[in-house]
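Chemist: Going down the list, the protein sequences come from chains Y and H.
Under our numbering, think of the first position of the first sequence as 2, with each following residue one higher.
Under our numbering, think of the first position of the second sequence as 12, with each following residue one higher.
Hints may contain errors.
Chain Y is nowhere near these chain H residues, computed Cβ spacing over 12 Å in every case [stated by the list, open to error]: (1) Ser-141; (2) Glu-234; (3) Lys-482.
Here are the computed lysine to any residue pairs in the SDA-like style, where the Cα-Cα straight-line distance is at most 25 Å [stated by the list, open to error]: (4) Y/Lys-324 <-> H/Pro-290; (5) Y/Lys-232 <-> H/Pro-290; (6) Y/Lys-324 <-> H/Pro-286; (7) H/Lys-225 <-> H/Glu-167; (8) Y/Lys-352 <-> H/Ile-103; (9) Y/Lys-327 <-> H/Lys-125; (10) Y/Lys-232 <-> H/Tyr-68; (11) H/Lys-90 <-> Y/Arg-353; (12) Y/Lys-327 <-> H/Lys-140; (13) H/Lys-90 <-> Y/Ile-357; (14) H/Lys-314 <-> H/Gln-185; (15) H/Lys-140 <-> Y/Lys-372; (16) Y/Lys-232 <-> H/Gly-35; (17) Y/Lys-232 <-> H/Glu-167; (18) Y/Lys-372 <-> H/Gln-83; (19) H/Lys-274 <-> Y/Lys-327; (20) Y/Lys-327 <-> H/Tyr-68; (21) H/Lys-140 <-> Y/Phe-366.
Hints were generated in silico from the structure; no laboratory data involved.
Backbone N, C-alpha and C define an ideal beta-carbon position, used for all residues, glycine too.
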Amino acid sequence: MSIQYKSIKNLTSMLQNKEISHKELINETFTLIESKMDLNAFITLNKDAAIEKATLLDSKKNGSSLAGIPIAQKDLFCTKDLRTTCGSNMLSSFIPPYSATVISNLENAGCISVGKTNMDEFAMGSSNETSFYGNVENPWGKNLVPGGSSGGSASAVSSGIVPAATGTDTGGSIRQPASLCGITGLKPTYGRISRWGMIAFASSLDQAGPMARTAEDCAILLNEMCSHDNKDTTSLNEHIPDFTKDIDQPIKGMKIGIVKEFDLSKLDSEVVKVFEESKKHYESLGAEFIEISLPNISLSVPTYYVVAPAECSSNLSRFDGVKFGKRCDDPKNLEDLYIRTRSEGFGDEVKRRILIGSYVLSAGFYDAYYKKAQQVRRLIKNDFDEAFLKVDVLMSPTTRGPAFEAGSKGSDPIQMYLEDLFTIPANLAGLPALSIPNGFVDNKPIGLQLIGNFLEESKLLQFAHNFQKTTDFHLKTPSGENI
Amino acid sequence: MSWETVIGLEIHVQLSTNSKLFSGGSTGFGAEPNTHVDLIDMGLPGVLPVANREAFYKAIRFGLATNAEINQTSSFDRKNYFYPDLPKGYQITQMAMPIVGKGSIKIDVDGSEKVINITRAHLEEDAGKSIHDLFDGETGVDLNRAGTPLLEIVSEPEISNAKEAVAYFKAVRQLVTFLDICDGNMAQGSMRCDVNVSIKKEADEELGTRAEIKNINSFKFIERAINFEIERQIRIIESGESVVQETRLYDSVKNETRSMRSKEEANDYRYFPCPDLLPVVISDDEFNDIKNNLPELPDEKEKRYISEANLEEAEAKIISSSKTMANMFEEACSKTNDSKLVANWLVGDVSALLNSDNIDIEESKLSSNNFAILIERISDKTISGKIAKSILEEVWESGDDVDNIIKDKGLVQIQDESILEEIAQKIINNNLSQVEAYKGGKDKLFGFFVGQVMKETQGKANPKSVNDILKNLLNS
């Protein structure tokens with residue numbers, strides 16, 4: 002029996018009923034991975050260790066909750082003794098001596114990490130085209146981008162190789178590729194999941210999250226990924242509920258906000274049509290719609306492109322060729338070592354953002370850019386606080402359109418930055434948000450975004466699960482079949 | 012023309028916490044390179060700092076002792092610059108919201124008092140160390156020190172000369188050692204300072220252009236560097252040129268300062284709030300606990316020594332001037348009821364030895380415990396004061412145990428009066444002509460007999476007993 006496209010729930014019951022052994026499942030997974038190498042979804046595979054762990058699980062009587070579930074890990078999480086590149090030449094030989102908390106949490110729950118997925122370099126990109134390790138293909142079409150930066154993870158789940166993957170989301174890096182690859186992806190509340198061991202892009206925005214076929218699987222994964230971690234002072238010390246508990250509850254009478262300032266008239270009419278149909282569907286499930294104004298939301302993209310580069314310019318300073326990672330050959334002196342190591346080690350997009358970030362933090366510009374951006378960020382957060390007094394969730398398209406062709410955004414980075422128009426606000430406000438498949442445009446999947454209030458992942462998952470119970474967009478495979 | 016000097020000091024005090032400011036790494040000194048380094052100190056990808064509250068507690072003690080504003084909520088910023096021994100490419104420091112705000116400290120210069128205002132004192136992590144001379148053509152990096160907590164104490168530019176600067180540095184050192192927040196060990200770099208020096212005409216309101224001399228770690232060098240710098244700046248201005256704002260290094264071998272980098276070459280540190288660390292909030296309970304358990308400060312000790320131990324003000328001042336000296340005094344006083352005796356020894360013989368060696372009490376081989384034993388042996392009459400003096404000199408050289416010296420050299424005072432009487436009688440019998448002269452009115456000869464007995468007993472006789480016995484025998 003093929004394991005392709007099976008959900009976590011399916012696989013768990015197959016393992017428990019001994020329809021398949023742990024080792025068989027992992028072997029099958031690697032067969033699938035190897036048959037889909039042209040996707041370029043993985044940078045590094047973890048085959049030997051994965052098979053070893055599966056063999057060990059077969060010899061045990063009682064496994065933990067996710068025992069034996071194969072999972073693909075975004076190559077931004079440090080994995081002990083397993084190369085972690087962050088999509089960069091700079092770390093092409095970096096083998097961390099420790100694992101990220103979220104990796105440990107998942108592995109302790111029984112998950113088997115099968116490999117490290119491709120991604121935009123240091124998570125900077127929306128198409129996976131900035132990876133040093135080459136483009137990732139979207140399973141839905143040759144030469145289509147999978148989105149980014151968690152493009153490898155999205156492609157791996159979308160192609161049915163693995164039921165689950167980890168992603169990180171700084172401005173949409175889970176939700177946008179989920180939308181473009183037709184899967185479900187959740188960015189939790191900032192601080193829900195420890196950042197210990199996540200290679201930092203923009204520390205105040207970065208958040209890890211699950212990517213899977215269904216909202217239910219995302220809830221199962223989230224249960225294990227969250228923890229209060231005293232190694233991360235921004236990790237929240239809040240009650241962690243069972244995220245699966247309430248997903249079946251009906252949403253009748255609950256309120257969905259539509260953001261007035263998200264101007265859909267500029268989008269492709271097909272995209273708008275899909276969105277309108279989803280609204281109707283939620284109405285049929287008993288939800289009410291309210292128009293909500295978020296007056297400062299139009300400032301999100303410029304605000305983000307000050308805050309994120311500023312933090313990245315500082316976070317990436319440690320890659321200097323002195324202690325770990327790449328070092329240029331035969332440096333003449335210290336300055337030469339720095340300049341050539343960083344020139345050779347970083348790609349153009351990373352350099353661009355380091356330059357922007359250094360500029361906005363420099364003496365004389367700090368107040369006009371960084372400080373101002375932080376003030377705007379506070380205003381955006383306040384807008385959301387107001388909105389959630391009136392509604393349970395906010396709804397929008399996740400992306401402006403479906404997957405585009407590699408190279409089609411040309412050389413203008415602003416065009417690529419606008420990809421994240423709908424996703425960035427949730428990061429700036431630290432709010433949970435998810436993307437679920439809600440239709441097709443030109444036979445390519447597209448996603449619906451739901452943004453929730455602080456710590457209300459459960460409610461988001463409830464809305465998403467109710468939708469998925471009554472639709473089949475998430476069950477379509479690229480070959481046009483239903484799972 | 013008369014020139015006025017304006018000096019401000021930035022003193023870096025290494026806080027004596029067990030672990031580093033943002034990691035569990037050890038702060039121990041002198042370990043093999045790169046052995047006191049954990050993932051965080053290395054700045055590995057993905058690691059995050061966690062603030063060490065103990066460092067905050069120690070900083071707050073300093074703030075309370077200098078009557079400073081304490082910011083119970085303080086935060087961290089990043090100071091960005093590249094250097095091989097700076098693992099993250101930025102230093103985490105407190106720029107916008109330091110833990111300690113405005114305060115002040117009293118200094119004493121040749122007997123007159125002056126108050127120096129302190130602008131702020133903030134926490135920051137130390138960098139590692141670059142080692143240039145061990146590897147041919149290569150530089151080694153030792154990260155043992157990276158992440159060690161520092162309290163940077165910034166003074167107002169209110170110091171007028173090198174002497175005052177040294178007095179200020181000494182006052183800060185005295186305070187931090189009494190507060191038990193720093194070991195004050197300058198040789199190991201536990202205290203270092205940057206000195207800002209400028210000169211101006213007396214009548215001028217505006218400050219002159221300053222030069223910053225980096226990283227000086229001895230009183231002597233502070234004084235010399237400042238004096239060199241003042242002369243240099245005067246020479247420049249009087250020759251019609253202007254001082255450039257720059258960072259300079261003091262070369263103690265050549266006794267000169269030289270340019271390290273000019274203002275144009277200076278880094279733009281691109282400070283911004285560290286997004287990895289939330290502001291640290293010290294609760295009222297924590298704050299009050301620190302306040303109520305503040306160690307006794309030099310001023311308080313001085314007053315107590317006068318009122319409780321009946322010391323003279325001058326004695327009390329000297330003894331309370333250093334924590335080690337005060338500890339010695341208190342430990343020795345626990346062994347005797349005669350606090351005056353203890354004070355006399357410290358202010359007298361011990362201070363004389365310190366002066367002649369030109370060292371601080373912390374650098375001497377005399378331990379607090381050994382000194383207390385010496386005092387105890389004087390008090391219980393095991394040894395005479397004269398013997399004690401020679402023992403002190405020996406301990407001063409060797410650091411040996413007082414009791415061992417007494418035992419090995421048989422220096423125990425002869426207490427048995429019958430033995431002393433026997434010796435005294437022998438001396439009298441052997442010096443009959445002197446006895447005759449004494450009895451004939453040459454009173455001064457009494458000292459001769461005392462001296463002879465002491466010589467015979469190798470100084471081990473109790474002088475008072477000898478006096479009594481001789482008087483008896485000679486006057487009978």
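Chemist: Each of the hints needs a verdict: does it hold here or not?
Modeler: Verification of the supplied hints:
{"no.": "1", "hint": "Ser-141", "verdict": "violated, 10 Å"}
{"no.": "2", "hint": "Glu-234", "verdict": "holds, 33 Å"}
{"no.": "3", "hint": "Lys-482", "verdict": "holds, 79 Å"}
{"no.": "4", "hint": "Y/Lys-324 <-> H/Pro-290", "verdict": "violated, 29 Å"}
{"no.": "5", "hint": "Y/Lys-232 <-> H/Pro-290", "verdict": "holds, 16 Å"}
{"no.": "6", "hint": "Y/Lys-324 <-> H/Pro-286", "verdict": "holds, 23 Å"}
{"no.": "7", "hint": "H/Lys-225 <-> H/Glu-167", "verdict": "holds, 17 Å"}
{"no.": "8", "hint": "Y/Lys-352 <-> H/Ile-103", "verdict": "holds, 23 Å"}
{"no.": "9", "hint": "Y/Lys-327 <-> H/Lys-125", "verdict": "violated, 55 Å"}
{"no.": "10", "hint": "Y/Lys-232 <-> H/Tyr-68", "verdict": "holds, 21 Å"}
{"no.": "11", "hint": "H/Lys-90 <-> Y/Arg-353", "verdict": "holds, 21 Å"}
{"no.": "12", "hint": "Y/Lys-327 <-> H/Lys-140", "verdict": "holds, 22 Å"}
{"no.": "13", "hint": "H/Lys-90 <-> Y/Ile-357", "verdict": "holds, 17 Å"}
{"no.": "14", "hint": "H/Lys-314 <-> H/Gln-185", "verdict": "holds, 16 Å"}
{"no.": "15", "hint": "H/Lys-140 <-> Y/Lys-372", "verdict": "violated, 34 Å"}
{"no.": "16", "hint": "Y/Lys-232 <-> H/Gly-35", "verdict": "holds, 11 Å"}
{"no.": "17", "hint": "Y/Lys-232 <-> H/Glu-167", "verdict": "violated, 38 Å"}
{"no.": "18", "hint": "Y/Lys-372 <-> H/Gln-83", "verdict": "holds, 23 Å"}
{"no.": "19", "hint": "H/Lys-274 <-> Y/Lys-327", "verdict": "violated, 32 Å"}
{"no.": "20", "hint": "Y/Lys-327 <-> H/Tyr-68", "verdict": "violated, 40 Å"}
{"no.": "21", "hint": "H/Lys-140 <-> Y/Phe-366", "verdict": "violated, 32 Å"}
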